[in-house]
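Enquirer: So you can see what is in the structure, the chains are spelled out below.
Number of protein chains: 2
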Amino acid sequence: FDLVRQFHDAWSGWLCVLLVGIVAGGVAGVIDIGARWMEDMRFGICPEAFWLNKDQCCWSSNETFFEGDNCSQWYSWPEVLGAQHDSAGGYVLAYLCYVVWALLLGLLAVRLVRTFAPYACGSGIPEQIKTILSGFIIRGYLGKWTLLIKSVCMMLAVSAGLSLGKEGPLVHVACCIGNIIAYMFPKYGRNEAKKREILSASAAAGVSVAFGAPIGGVLFSLEEASYYFPLKTLWRSFFCALISAFILNSINPFGNEHSVLFYVHHERPWIFFELLPFIFLGVLGGVIGAAFIRSNIFWCRFRKTSRLGQYPTTEVVAVTLATALLAFPNPYSRMPSSELINVLFNDCGPSEGIDLCDYKRNFSSMSQAIETSEAGPGVYTALWQLAIVFVFKFLVTIFTFGMKIPAGLFIPSMVLGATMGRIVGVGMEQLAINYPNWWVFSSECTAGENCITSGLYATVGAAAVLGGVTRMTVSLVVIMVELTGSVSYIVPVMAAVMAAKWVGDALGREGIYDAHIYLNGYPFLDSKEEFDHTSLAADVMEPRNNVPFSVITQNSMTVSEVESMLKETEHNGFPVVVSKESQYLVGFVLRRDLNLALAGARRDGVPGQSLCLFTAAPTGQWSGPPPLQLRRILDLAPITITDQTPLETVIDMFRKLGLRQTLVTHNGRLLGIITKKDVLRHLKHLEVEDLEQVPFH
Amino acid sequence: FDLVRQFHDAWSGWLCVLLVGIVAGGVAGVIDIGARWMEDMRFGICPEAFWLNKDQCCWSSNETFFEGDNCSQWYSWPEVLGAQHDSAGGYVLAYLCYVVWALLLGLLAVRLVRTFAPYACGSGIPEQIKTILSGFIIRGYLGKWTLLIKSVCMMLAVSAGLSLGKEGPLVHVACCIGNIIAYMFPKYGRNEAKKREILSASAAAGVSVAFGAPIGGVLFSLEEASYYFPLKTLWRSFFCALISAFILNSINPFGNEHSVLFYVHHERPWIFFELLPFIFLGVLGGVIGAAFIRSNIFWCRFRKTSRLGQYPTTEVVAVTLATALLAFPNPYSRMPSSELINVLFNDCGPSEGIDLCDYKRNFSSMSQAIETSEAGPGVYTALWQLAIVFVFKFLVTIFTFGMKIPAGLFIPSMVLGATMGRIVGVGMEQLAINYPNWWVFSSECTAGENCITSGLYATVGAAAVLGGVTRMTVSLVVIMVELTGSVSYIVPVMAAVMAAKWVGDALGREGIYDAHIYLNGYPFLDSKEEFDHTSLAADVMEPRNNVPFSVITQNSMTVSEVESMLKETEHNGFPVVVSKESQYLVGFVLRRDLNLALAGARRDGVPGQSLCLFTAAPTGQWSGPPPLQLRRILDLAPITITDQTPLETVIDMFRKLGLRQTLVTHNGRLLGIITKKDVLRHLKHLEVEDLEQVPFH
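Residue numbers (this note's numbering), protein chains in the order written: chain A, 50 to 746; chain B, 50 to 746.
Calculated directly from the structure, the hints in this document are not laboratory data. Note that the structure is predicted; figures quoted are calculated from it, not measured. Positions of the beta carbon are idealized from the N, C-alpha and C atoms, including for glycine. Any given hint could be a false lead.
What the simulated footprint calls covered on chain A by chain B, stretch by stretch (three residues with Cβ under 8 angstroms from a Cβ of chain B suffice, anywhere in the stretch; the number is not a length) [said to hold, decoys possible]:
{"#": "1", "region": "288-295"}
{"#": "2", "region": "464-478"}
{"#": "3", "region": "538-546"}
{"#": "4", "region": "558-571"}
{"#": "5", "region": "618-624"}
{"#": "6", "region": "689-699"}
In silico lysine-lysine, DSS-like type, Cα no more than 30 angstroms apart, as pairs [what the hints assert, rightly or not]:
{"#": "7", "chain 1": "B", "residue 1": "Lys733", "chain 2": "A", "residue 2": "Lys725"}
{"#": "8", "chain 1": "A", "residue 1": "Lys726", "chain 2": "B", "residue 2": "Lys243"}
{"#": "9", "chain 1": "B", "residue 1": "Lys733", "chain 2": "A", "residue 2": "Lys705"}
{"#": "10", "chain 1": "B", "residue 1": "Lys733", "chain 2": "A", "residue 2": "Lys243"}
{"#": "11", "chain 1": "A", "residue 1": "Lys733", "chain 2": "B", "residue 2": "Lys243"}
{"#": "12", "chain 1": "A", "residue 1": "Lys353", "chain 2": "A", "residue 2": "Lys705"}
{"#": "13", "chain 1": "B", "residue 1": "Lys725", "chain 2": "A", "residue 2": "Lys243"}
{"#": "14", "chain 1": "B", "residue 1": "Lys705", "chain 2": "A", "residue 2": "Lys705"}
{"#": "15", "chain 1": "A", "residue 1": "Lys705", "chain 2": "B", "residue 2": "Lys243"}
{"#": "16", "chain 1": "B", "residue 1": "Lys705", "chain 2": "B", "residue 2": "Lys236"}
{"#": "17", "chain 1": "B", "residue 1": "Lys725", "chain 2": "A", "residue 2": "Lys705"}
{"#": "18", "chain 1": "A", "residue 1": "Lys243", "chain 2": "A", "residue 2": "Lys629"}
{"#": "19", "chain 1": "A", "residue 1": "Lys629", "chain 2": "B", "residue 2": "Lys629"}
Go ahead and model the full structure; you've got the sequences and the hints to work with.
Expert: Here it is, written out as structure tokens:
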């Protein structure tokens, strides 16, 4: 029987992550399908089976696509309402339907969030991955209401055409799933540290389903939650991520045979010289990222401090209206973001009808007909439109991210980067075609042939802006590689991400997630920042300057004395020392435990004059009433440091051991206490003093 | 100027890993080219240009291959010596040349190692990655002689046809490079902890070049060196790994356009039902791995304790002779291991001439001619030969791994797994062809068509045996994925690795690396083992049972008292307390520092009666000679714990903070000390008591 128990004990963790993986994969599949359907509903309907989206509708008709874009089974709204598709009236009608749908969906999303689950807003990555996994607890943040409402509203918000993605929220949803399932297993539900293991795995699963990138998911969970990531769960997280990706893949919501979100296939390898424009894209990405973070934080702070924050619904409706009105006229901003990214990432085929692919083709020899060469006028129109999309999306995303709806930043950042990258890519392409004899091109390109892949520039640009905005590194590169399924472009992506991170860090140290954490004031100790000050523990600890320090003496305080101490102070815990005269540390007792024990004792009729005992054997006779034995709530192994410990070591211990406080001693005598908040306050203080920042790290 | 300094400070790390990456990539390229050339030298020579290997020789001849195997430019030894290639005499001559070459190369390798660099033997992964990265220092282990000799001997040993690989040693070589380059940067060369960051990156680069797997390399370094892996260097390690892979790729030693070691391309996806045989392969892999570890450790222990250990040269020559004699007759063991793996991993093309691909092809319809169907007699012969190879390689690897030559285990394990997997795969394939109506096949396969990919089974089998032998997890899966370049088979590989790990762990808890670490007695605390005993710090610390404890009192010991204490004890450090009566901890002083300070003082003529002072301000007048101020060598911030701390927490602190010892106090009073060795001894002791092991973890 003992073996069975051990067996169950060992397997419950695996079973738990298996369930998380399956459910996360399933939920992600449902969300993907739902979002695609609702997105297409803005444009039209499938009258024969309204529950099908455009692609499915067209598949059901057994008909080959004509114009690559429309099929007779699918009716756009003007067609349904009897207007001609191409007429001016039809355009107005389509415009109107698009805007009305967007408004309806946006309104519904914000009302649902406001009514049922206020925590369902935002991306969730700053709060949940970074802060919760570092040990902070936000009640209800990972509950079933958040799960349900966030899943639904994510679909609504994406379908409303707002400039947001569902990737960040998917991570939050996966963590909710992990949290709920963890409660089914007592071993994990009851222990916060153990539950964090499950949450790490869930976060990995979330990224895995969001991008179809299991390895990237694990690395994301590791890199962003590195604060307290137990390496022994790496394997379990990977399992969880893989299961969820496998389930999602079996559901196949993208309706293609590739298991990746944006399937990219380039014919040509990149040439060494191209590293220069890639690094240039990285620099641009860093600048854009830093500018975005500043503007967004400025706007969010304005929202917090002004009256705007009191009208979240109005805000969402207004932004949705503005987005929809401005997005429709431009074909590239009208299409769903993920479709736009797909178009930008891929090269032009010979038969593609969009403006971007309007190349003058060389039909002199039939075999070469596919090669694109000089750009036609359509390409230049498309570039202008893309430039407008870039500016529009940049501005609108600043206002969107931070509103009271689920909103991820990955897709908008990728749109920004892909437009920018494609523009640079087409520019390089035309350079190579018009100046084939320039030395950098002449060595690698044969004349008249195209040797620059503009789609690759879009991929690299997307990685660069993502790097600038989120400041992710390894995980971002791996996600991009897995996302596009092409390992051969790992070096360009890496170069761009690196440049973006350095430039971004030079312009403003925090990524968007850290910036939002500081904005919201969560207690979070960044584990990647290097620390190079010479403070000692004695400079940080409380109390300093001989302020009295609330300690409990071992065997000499009465119940009422302890109670009044609890009332007068607000500390979360109290050190226990030998006596007032010899303050040698005995242990540490938590306020919560003390409250419970004293309340229980009072209920049992223990009088206020009873002594509180914290040692094992009471010696001698008691003059007063029988003492209250509190030894069981005393933590006899608090972590202590000496007052001469460098702050760097203290921070290291906080991070690596996941501490909330540590006691400071000198020659064994208790001097004070350092909490995580004390450290953060001190660091903030130093930062203000320290105007000249280290440019790179 | 300050900015320049800061800039240099921030960039020196990047510059350092950049250099490591470039040099590691270059060295790996040279080793790969050298090893291929020497391998081919066993069979013949390119008379026109003896420095070319067979492939290059044939390329230079502008001739299309005939028989896919030979070209007129390349002369086998019998041809050079005038004998007919096909005659019996030719065979004997080829055999003889093969054996003689192997013996010469093996002898040279072992003599070089013995004479110049004794540390160059073995795989290097147990010692160096695991032990050195955990904080242990082995002088000269990462020096330039080790680098040079190991690089050369690796080529020799591989070319001698021994059952060993050059992947593990490549990691060691990369670490040597990292160590040497770190000394060029004072920031890294002088600080052991900082140097470990570079070594982690180097290890990642080593795996990266060994397998062409940069992501896998980083994960390997993370998983195997997780003991002390600083997450902030993850990005730098990744950079290093990528640079080295890029350089190696530019050198292109494999002479193919794919950047992977074994390029695999399968046409068919795997079907869900196949997970069963994959898991079966995993179970086999676990069993084989455990059996291999036990036998190998048994043999290594025998070598250590018997007289065999005194004749390393004889041993190597004997094993080389036996290997060469037995390997030549069988075509699959005769070819170089990496070529064999390549053959086994890939499906049979329509024109391949080897026995393994002797399928009865269905030529009735021309378009279907490629489909393999029923196996011909050649396939069965090949299966027998493969089975013999399996047994032979298993036995010979047991004797090979641990000899005094550079020897990696990856390639031999992969050979074992690939042979096993291919045999199972062909079996499954024939099942599917002969029983196409069986329900598991009927749903997925059309009759007469082959729906089982036997090459995939070889890949999965290789991963399974590797998992069983090394007990790696995530990094192994990622390496296999990157190695074969096919992301689509990540689920089968994962399933097999998982099964192998569980079965292996149930049969014997340690992987081969850990087993060798224990065999050699290195102080290494496994960071992945879960610990579930209830010991307290008080049970582990030294001294127990009132044995006297060597402490230094703050301001009351004379120089000669301290000197005699240093002589009488062998501790690496001594706690300093307030006084004999009140043993409150003041700090900790290292034996090394104490020795230096006292020797220096003696040289300056400080008499033995001088007091040693450890506090700042000496109070009062001194009756004797002026006291010796030792405050500067006193560590005022030693890590302390209380005697009631659970051992689990203690181990956690050792691991995460990279401690070597911690001091144990009770109510501020010093009780004892716990060193890493005390913990290891206690764990060993518990393990012996604890006969019933947890079956899974």
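Enquirer: Against this structure, judge whether each hint is valid.
Expert: The hints, checked one at a time:
| no. | hint | result |
| --- | --- | --- |
| 1 | 288-295 | holds (count 3) |
| 2 | 464-478 | violated (count 0) |
| 3 | 538-546 | holds (count 3) |
| 4 | 558-571 | violated (count 0) |
| 5 | 618-624 | violated (count 0) |
| 6 | 689-699 | holds (count 7) |
| 7 | B:Lys733 to A:Lys725 | violated (37 angstroms) |
| 8 | A:Lys726 to B:Lys243 | holds (29 angstroms) |
| 9 | B:Lys733 to A:Lys705 | holds (26 angstroms) |
| 10 | B:Lys733 to A:Lys243 | holds (26 angstroms) |
| 11 | A:Lys733 to B:Lys243 | holds (26 angstroms) |
| 12 | A:Lys353 to A:Lys705 | violated (34 angstroms) |
| 13 | B:Lys725 to A:Lys243 | holds (26 angstroms) |
| 14 | B:Lys705 to A:Lys705 | holds (6 angstroms) |
| 15 | A:Lys705 to B:Lys243 | holds (18 angstroms) |
| 16 | B:Lys705 to B:Lys236 | holds (23 angstroms) |
| 17 | B:Lys725 to A:Lys705 | holds (18 angstroms) |
| 18 | A:Lys243 to A:Lys629 | violated (38 angstroms) |
| 19 | A:Lys629 to B:Lys629 | holds (23 angstroms) |
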